[in-house]
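Protein chains in written order, with this note's numbering: chain A, 1 to 308; chain B, 1 to 355; chain C, 1 to 521.
Just so you know, the hints here were simulated from the structure itself, not pulled from any lab data.
As the structure is a prediction and not an experimental result, all values here were calculated from the model.
One thing to keep in mind: the hints can contain errors.
[Unchecked claim] Partial list, derived from the structure: chain B residues whose beta carbon lies under 7 Å from chain A: (1) F150; (2) V151; (3) Y157; (4) N178; (5) F284.
Just so it is clear, CB atoms sit at the ideal spot from N, CA and C, and this is done for glycine as well.
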Amino acid sequence: MNSGGWIAILVSAVAAATPLVYAAIGELVAERAGVLNLGVEGMMLVGAIAGFAVGLTTGSLTLGYLAAAVAASLVALLFAVLTLSLQTNQVATGLALTLFGIGLSAFVGRGFVGMPIGRVPTLDIPWLSAVPIIGPLLFRYDAAEYLSIGACAAVAWMLKSTRLGLRLRAVGESPETAHALGEPVTLIRYGAVLFGGAMSGIAGAYLSTALTPMWVEGMSTGRGWIALALVVFGTWRPWRALGGAYLFGLVTVLQLYAQTFGIHVPSEFLSMLPYLATIVVLVLICRDPKTILVNKPAALGRSFHAGS
Amino acid sequence: MPKLWRLERRNAPSGLMRIASAPLAAALMLLTGFAALSVLGKDPLAAFQVFFVEPFTSLYGIGELLLKATPLMLCALGLAVGYRANVWNIGAEGQLTIGAIAGAGVGLFGGAHLGSWALPAMLVAGILGGMAWAAIPALLRTRFNTSEIFVSLMLVYIAQLFLSYLVHGPWRDPAGQNFPQSPPLPDNALLPALIEGTRVNGGLYLALGLAALSWWFGAKTAAGFRLRVGGLAPAAAAYAGFSANATVWLALLIGGGAAGLAGILEVAGPIGLLQPVISPGYGFTAIIVAFVGRLHPAGIVFASLLMSALYLGGESAQIELQLPSSVSGVFQASLLFFMLAAELFIHFRVRGARP
Amino acid sequence: MSDAFGVAAQAVPRLALHGITKRYGKLVANDHIDLSVGAGEIHALLGENGAGKSTLMKIVYGVTSPDAGRIEWEGEAISIASPAQARKLGIGMVFQHFSLFETLTVAENIALGLDEREPAPQLAARIREVSVRYGLPIDPAQLLHGMSVGERQRVEIVRCLLQSPRLLIMDEPTSVLTPQAVRVLFETLRRLAGEGVSILYISHKLDEIRELCDTATILRGGKVTGNAVPRTESNASLAKLMVGGELGECRLTPRVPGEVRLALAGLFSEPEDPFGSPLHGIDLDVRGGEIVGIAGVSGNGQRELLAAISGEARTAAAGAVRLCGIAAGRLSARARRRLGLCFVPEERLGRGAVPAMTLADNSVLTGGDFGLVRHGIVQTRAAREFARATIRRFAVKCGGDAALAASLSGGNLQKFIVGREIRLQPKVMLVAQPTWGVDVGAALVIRQALIDLRDAGVAVLVLSEELDELFAISDRIAVIAGGRLTAALPSAAWSAERVGLAMTGVFEAAPASAGEAHAVA
Chain A
1 MNSGGWIAIL VSAVAAATPL VYAAIGELVA ERAGVLNLGV EGMMLVGAIA GFAVGLTTGS
61 LTLGYLAAAV AASLVALLFA VLTLSLQTNQ VATGLALTLF GIGLSAFVGR GFVGMPIGRV
121 PTLDIPWLSA VPIIGPLLFR YDAAEYLSIG ACAAVAWMLK STRLGLRLRA VGESPETAHA
181 LGEPVTLIRY GAVLFGGAMS GIAGAYLSTA LTPMWVEGMS TGRGWIALAL VVFGTWRPWR
241 ALGGAYLFGL VTVLQLYAQT FGIHVPSEFL SMLPYLATIV VLVLICRDPK TILVNKPAAL
301 GRSFHAGS
Chain B
1 MPKLWRLERR NAPSGLMRIA SAPLAAALML LTGFAALSVL GKDPLAAFQV FFVEPFTSLY
61 GIGELLLKAT PLMLCALGLA VGYRANVWNI GAEGQLTIGA IAGAGVGLFG GAHLGSWALP
121 AMLVAGILGG MAWAAIPALL RTRFNTSEIF VSLMLVYIAQ LFLSYLVHGP WRDPAGQNFP
181 QSPPLPDNAL LPALIEGTRV NGGLYLALGL AALSWWFGAK TAAGFRLRVG GLAPAAAAYA
241 GFSANATVWL ALLIGGGAAG LAGILEVAGP IGLLQPVISP GYGFTAIIVA FVGRLHPAGI
301 VFASLLMSAL YLGGESAQIE LQLPSSVSGV FQASLLFFML AAELFIHFRV RGARP
Chain C
1 MSDAFGVAAQ AVPRLALHGI TKRYGKLVAN DHIDLSVGAG EIHALLGENG AGKSTLMKIV
61 YGVTSPDAGR IEWEGEAISI ASPAQARKLG IGMVFQHFSL FETLTVAENI ALGLDEREPA
121 PQLAARIREV SVRYGLPIDP AQLLHGMSVG ERQRVEIVRC LLQSPRLLIM DEPTSVLTPQ
181 AVRVLFETLR RLAGEGVSIL YISHKLDEIR ELCDTATILR GGKVTGNAVP RTESNASLAK
241 LMVGGELGEC RLTPRVPGEV RLALAGLFSE PEDPFGSPLH GIDLDVRGGE IVGIAGVSGN
301 GQRELLAAIS GEARTAAAGA VRLCGIAAGR LSARARRRLG LCFVPEERLG RGAVPAMTLA
361 DNSVLTGGDF GLVRHGIVQT RAAREFARAT IRRFAVKCGG DAALAASLSG GNLQKFIVGR
421 EIRLQPKVML VAQPTWGVDV GAALVIRQAL IDLRDAGVAV LVLSEELDEL FAISDRIAVI
481 AGGRLTAALP SAAWSAERVG LAMTGVFEAA PASAGEAHAV A
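Next comes chain A alone, as it looks inside the complex (with noise of 0.2 Å):
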């Protein structure tokens, strides 16, 4: 294959990582503030059906993407006051959001489906994006896919050397314990899960307006939970989840050349790697107590009752 098949590939990947990054991060975020919100596929489709619907008809896509967030944190909302202050068991909270997210979205979504959207643009940079080779591989991409990349290093800027980042990581180590230096645990648990609900809809309103522009009922198919395995596999820090949602991207589009390349492995196998590999990062992280403490979030699914 020569390098202008390459580039093809990698810059698929990239877009098929895109809403992987966004989607990890939020929930990132949430999880290192000990919430487990398991409700990111339906989130995810909330936005995608909030982005396409609102961004088809206004014909601005920024403004779609803005729905998107608002519209995926309204849901995530949900879910925070039933955990959060209902003191609802998370697992089970989640998994109904999921379902939620996804008939609400197949619900709002009847009247779109068919329905033809530009699709995002590929920024030009000027110069930067004719330079031969590197060019087409790092410089053409939508701000979508750009943002992303910020918004991975904002985040992880904001968890390591802000104050918000150490109460958030305070808060997700031991709520009683920032609770007795005074705190404001479920308001800063609140914050977070509201701020992965805004990054899960954008993930989704990129799926509808940049991967595959259209509207489909449940066309996140499972993109949701493997965020959810991204946030695990890069060990609850943001820089790794990103690699990791760039790997995936990598293999998925892979798959579809593993002909070409003589590859007899079956896709599927292929396709479960994300899945094993996470499996073989949780038991390397936990076997040891100590390691544990230092990369998951301590308090990860327990409810914090302020007056017990």
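Mind docking chains B and C on chain A? Use the hints.
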């Protein structure tokens, strides 16, 4: 910021709310669902008719209700045992898939030789397959301290991909015009219909039987007692000398076996062969069924019927009202939301904040 | 630094408490307490567990407010509404249990506890400067995870010092420190006092108090039982004030004990929890027909000792714990029950009984192997009958065998648990804090039940923080401190001073008596 209300723990769980929470949640679900529909331009009474009345006016419809409730019931019963012990198996969908594969394998390759033993052998294979798949998170949790939530979830996708590989590849029907599906199961490997004119099969009895068994297990056996203590007060379980590892294994194997049985029943029943999708998410919906049923066998039986009715209502709405069938997911989810919220009031009461 | 009369000579004490009283229901935690601390003074607050020290400090630090009494800060009457306000006044507190996060660095942990935001480089520089100045060097960039307990305490102290306190409260600071670290801490405290900082030093360790502190207030049962200048006192006199001059009389009829039923030989253990106490070679024999009591301040290895005997923690050496002659160190809790061990744990709800289960079900918790479970089936009728009989015999006030454990009062639940264990006909009975939080009537029933058990030939081992109780029911008493156990001497051989001393870790060589284990010096 000033709090307007606060939650105060009750001295003893409210008996009233215990009984009332499920009907209350169901009523709220109906109210909000149909209010939403009417806001969006559909006549709520007509929608109610389509959703809840029409599917059940025929014998066939009742059969479908029972047919769809069966896998939900089986999976939820198995999962509930684990949840009560604080073991969070969310991979029932994967265990169901592997059970289906194992059972179908026996049927496809041994069906001709086993005669009337084919079906029982397949069911046993299905149970064992599901158990084997659930043994993986059990091993990883007891040996390596790894959370069963993530492991069982990842295994769902691996199982589904494995099924896809089989039906696209080695187990594909050579006479099937290149469709990704296995050859149909031989007649002696299919479950006979229980009621003429419906698709209900003996699996329903197995599910109800499991409900009774599950009740007996939890209420009467020492193992069920140990699991219950492990979930309610782990320190007391340690004090009493109950093995935490044994609890994890038992909980996951029961959940996996039940899901595996559900899987083979689907394949030997309404589907009749292996195909890429053998379950519309029963394993995940069963988690919701378990919670709506408050983790109790009797509650789970009713919750399975209710959720099954919602599935059918969705299909009916698809035909009659041009609504996508996944709208049933909205009802199912909101039922759970209301249920979980109502559950709160069993243990807490709301008080105005002190000035 | 101030001489012995420095306090009296100063015009206005930095902190003065007058008649502080605090009640929790019927319990009077603080009863008209007077206390004053001057600038540069190191003032000890001495007392056993339950004497009222922590309640008093909660009041000073603003966590709770007194029901009566006056607080004066530098001469002005004030009320302290919250810890944040206390810090603003200049009061800092280093708690016994730290509020630290494993996965954050030293600087990040400190930043979270400070009331005002500071840019990171400036904070790091201040941390380095302050920590070195007071002899507690710490690296701001180091991750907390992996730091020793002593180092973590430094972080807590530096966090306080960064806010320039004028009064520093130290709550049992040396219970987690090595002797070298204790030296360093004392240097730091002396330096602070030299700069005029007042220090309130809460402890029960007499040697340290005598070495470090200028003045002392002694609490017992919520009241001030004395003031002292520690340097002029002896350990014995301080111990007497702390423990009270009188000890309960032994009300047991003398009995010749039978064969050894519980034998601990060279019991060592390493705790999993970094705040736990390792056991350093415990030796003890308990015979049938006697009650051996173990006294000690909590946090000195009691939890670990109980877990090692009950089977909740297994010991490396099978022979370190012997039940009726059988090496049991590696056996599970259930296996030890089958050998005849019964155990009443410290925590009633959540450990001794499942709160959300009925009393009948809670009987099955430990009674399973004694007829309440047969062929893997729970014998519900037998369990209910067992619960009813226990309720009758021990006068447990409850709603019957179907009452949830959580619905019983503390005393009644404790009676039920003790009764359940006794009715399982143990050969060895292990009891932790038998009457903690229990009303007087129930306490009497429980103590008498233990004595009756002893009279029936059972070997009974009781761990308690209430000396009166131990002296009332024990044939022999040993003291645990720092993971070590003294010899178990007859109750009559112990005096208030000797017990108080042993509780603080000062073990003297015991007079040799036939068949006793060696004391640890």
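Evaluation of the provided hints:
Proximity of B/F150 to chain A holds as hinted, the smallest CB-CB distance being about 6 Å (cut-off 7 Å). Taking 7 Å as the C-beta contact cut-off toward chain A, the hint placing B/V151 at the interface holds, the least distance being around 6 Å. Restraint check, B/Y157 versus chain A: the minimum CB separation of about 5 Å is within 7 Å; hint holds. At its closest, the beta carbon of B/N178 sits 16 Å from a beta carbon of chain A; the interface hint therefore is violated under the 7 Å criterion.
Interface hint status for B/F284: upheld, as the beta-carbon distance to the closest one in chain A is roughly 6 Å, under 7 Å.
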